[in-house]
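Novice: Sequence:
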Amino acid sequence: MGPRPFPLEALVTPAVRKTLVVQLQAGQTGDRFPVLAHLGYDAADPFALTAVFSHDGRVLAEWTLDREMVAAGLTRPVGVGDVRMRPESRGMWDELRIELLGDDRSDGERHRAVVFVWAAAVEAFLRETHEVVRPGEEEVCVDAFLAELTAEG
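Numbering-wise (numbering that gives the first Met the number 0), the sequence shown opens with residue 0 and increments by one.
Please note that the accuracy of each hint is not assured.
[Unchecked claim] Simulated restraints, written as ranges between beta carbons of each label pair:
{"no.": "1", "residue 1": "A123", "residue 2": "D102", "range": "31 to 41 Å"}
{"no.": "2", "residue 1": "L59", "residue 2": "E136", "range": "25 to 35 Å"}
{"no.": "3", "residue 1": "E137", "residue 2": "T28", "range": "24 to 34 Å"}
{"no.": "4", "residue 1": "P134", "residue 2": "G101", "range": "23 to 33 Å"}
In short, the hints are calculated from the structure, not lab data.
From the three backbone atoms N, C-alpha and C, an ideal C-beta is built for every residue, glycine too.
Please model the complete structure; the sequences and the hints are all you need to start from.
Specialist: In structure tokens:
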């Protein structure tokens, strides 16, 4: 008997991808303009979501967000440090307000972006991620994580 074929499905980790139009708040004026948010979730990193913001084909920023924190941000203010979220109502729309703090600027302040996402779209995306890995059933391969850390050193 020869070697058994390795199933291709075993090499692919389940993932969820969604692109949304979100509103980026510009400066102190409060004006908003639309940008694309490319959301991603990969079962190989079950606690994290990725958000890549783009406009006119250019990547503006890429962030890794905590999946549980995003879910909590839909109902109450969460986060300290670089990422803060809270629910907001705008007329008949419920939104998730995401504040992202980046690198230092030359004036001593930090780069800051505020993004507003339609809450129902975030909830739908989270439901899809929960179909891939249910909350509380996340697993992380500690050996692979430690190997990655020691390889970087």
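Novice: Hints first: check each against the structure and report whether it holds.
Specialist: Structure-based check of each hint:
no.	hint	in the structure
1	A123 / D102: 31 to 41 Å	holds, 32 Å
2	L59 / E136: 25 to 35 Å	holds, 33 Å
3	E137 / T28: 24 to 34 Å	violated, 40 Å
4	P134 / G101: 23 to 33 Å	holds, 29 Å
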